[in-house]
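Make the full structure from the sequences, and use the hints.
Note that the sequence shown covers residues 1 to 344 in the numbering used here.
One or more hints might be untrue.
Below 27 angstroms or equal to it, Euclidean Cα-Cα: the simulated DSS-like pairs (lysine-lysine) are [claimed, not checked]: (1) K26 - K10; (2) K298 - K186; (3) K294 - K186; (4) K93 - K110; (5) K294 - K110; (6) K306 - K294; (7) K294 - K304; (8) K186 - K306; (9) K110 - K10; (10) K294 - K79; (11) K93 - K298; (12) K5 - K26; (13) K186 - K304; (14) K26 - K110; (15) K26 - K79; (16) K5 - K110; (17) K26 - K294; (18) K222 - K186; (19) K79 - K110; (20) K110 - K12; (21) K79 - K298.
Using C-beta positions, here's what the derived DEER-type ranges look like [what the hints assert, rightly or not]: (22) V16 - T268: 34 to 40 angstroms; (23) E217 - A136: 40 to 46 angstroms; (24) K220 - Q55: 37 to 43 angstroms; (25) D19 - N185: 41 to 47 angstroms; (26) L105 - N185: 22 to 28 angstroms; (27) S264 - N185: 25 to 31 angstroms; (28) A197 - T3: 42 to 48 angstroms; (29) L278 - Q55: 38 to 44 angstroms; (30) E217 - E27: 55 to 61 angstroms.
Hint data in this document are derived by calculation from the structure and do not stem from the laboratory.
Ideal Cβ placement from N, Cα and C applies to all residues, glycine included.
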Amino acid sequence: MATMKAAVCKAKETIVIEDVPRPEPKEDEVLVEVKATGLCGSDVDGYTGHHPMIQWPIILGHECSGLVAELGPGVTGWKVGDEVVIEPFFNCKTCPACLRGQYNLCVDLKITGHQVPGSLADYVIADPFFLHPKPANLPFDEAAIAEPVSGSLHAVERAAPRLGDFVVVIGCGTIGVLAMQHCLNKGAEVLVAEPEAFKREVATQLGVHHTLDPKAEDLKAKVQELTGGIGADVVVEAVGLPETLASTVTLVRRGGTVMLIGWSGNTTDPIDLTSVTLDELTVLGTLGFALDHKTALKLMSLGKVKVGPIISHHLPLERVEEGITMLHEHAPGVWKIAIDQGVS
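Structural data, given as structure tokens:
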């Protein structure tokens with residue numbers, strides 16, 4: 001039996017690099033040789049035991065790109081050696097959500113690195129429907145980041161900021177800085193609230209209009225100042241702390257929109273529902289993406305969304321636990337970590 005190297009999360013905060021059976025693609029499956037994986041907050045949550053969709057043992061990793069290595073029976077449209085980006089979903093394709101095109105809400109949705117083995121290995125199985133050609137001008141490490149580019153695009157499209165709107169983005173992590181770029185592409189005036197100075201500096205370089213350190217300045221007062229006391233048209237929360245989730249309602253204008261990308265994992269979080277009702281606020285959630293990868297990859301290829309500046313570290317597969325720990329501990333200077341892979 002052929003084997004491959006994989007980073008297997010065996011138990012809480014325990015990853016072992018070991019040889020495991022190399023998967024064989026079944027009907028309507030594709031085997032992909034992984035060239036790069038972006039580490040994500042979901043990987044951290046899975047590693048620490050705080051992700052409701054992840055159980056051990058599991059090979060983590062879902063932001064990935066690579067080469068088609070083998071086609072399962074019935075697969076057409078792809079050939080061995082094709083450079084691809086994986087949209088990390090497996091869906092039933094027959095439930096009402098799938099038939100509406102909202103396959104991210106499939107009743108039997110499975111996600112790479114969550115319920116099925118992930119990309120922190122030499123090879124990973126993918127659904128050919130969810131493979132996308134890698135743009136030739138994108139290196140594998142940047143192409144792997146298409147997944148959060150798609151997720152943030154999905155959220156911003158739902159929030160629907162318009163040309164000239166004032167948008168507040170709370171948090172400038174990976175999702176926050178990508179949502180910021182999507183809002184800028186929409187023609188919005190954008191303020192980013194982020195405590196880490198190096199992230200605010202990159203946000204400025206990427207074209208954001210305003211940055212603020214929420215630990216040093218009053219965010220609500222600044223929003224009131226910049227909007228003439230009206231409030232933001234759209235508030236995007238990309239942190240997931242109870243206090244930042246609650247603050248969204250205080251920042252948005254009457255009749256405005258709140259997009260909650262971040263989530264705390266709590267059953268309940270305090271939020272002013274009286275203002276939601278009496279100010280006719282629209283409060284939205286978001287899960288992953290649906291039909292967004294093609295657009296995300298085009299934006300990246302055209303330079304409309306830049307991910308290179310946020311990749312702060314490159315590590316080999318053997319050091320993946322170190323990388324996840326760096327993210328978990330919020331090590332200084334860490335933003336997005338790319339795992340460089342590939343057996344060929």
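Are any of the numbered hints broken by this structure? If so, which, sorted upward? none
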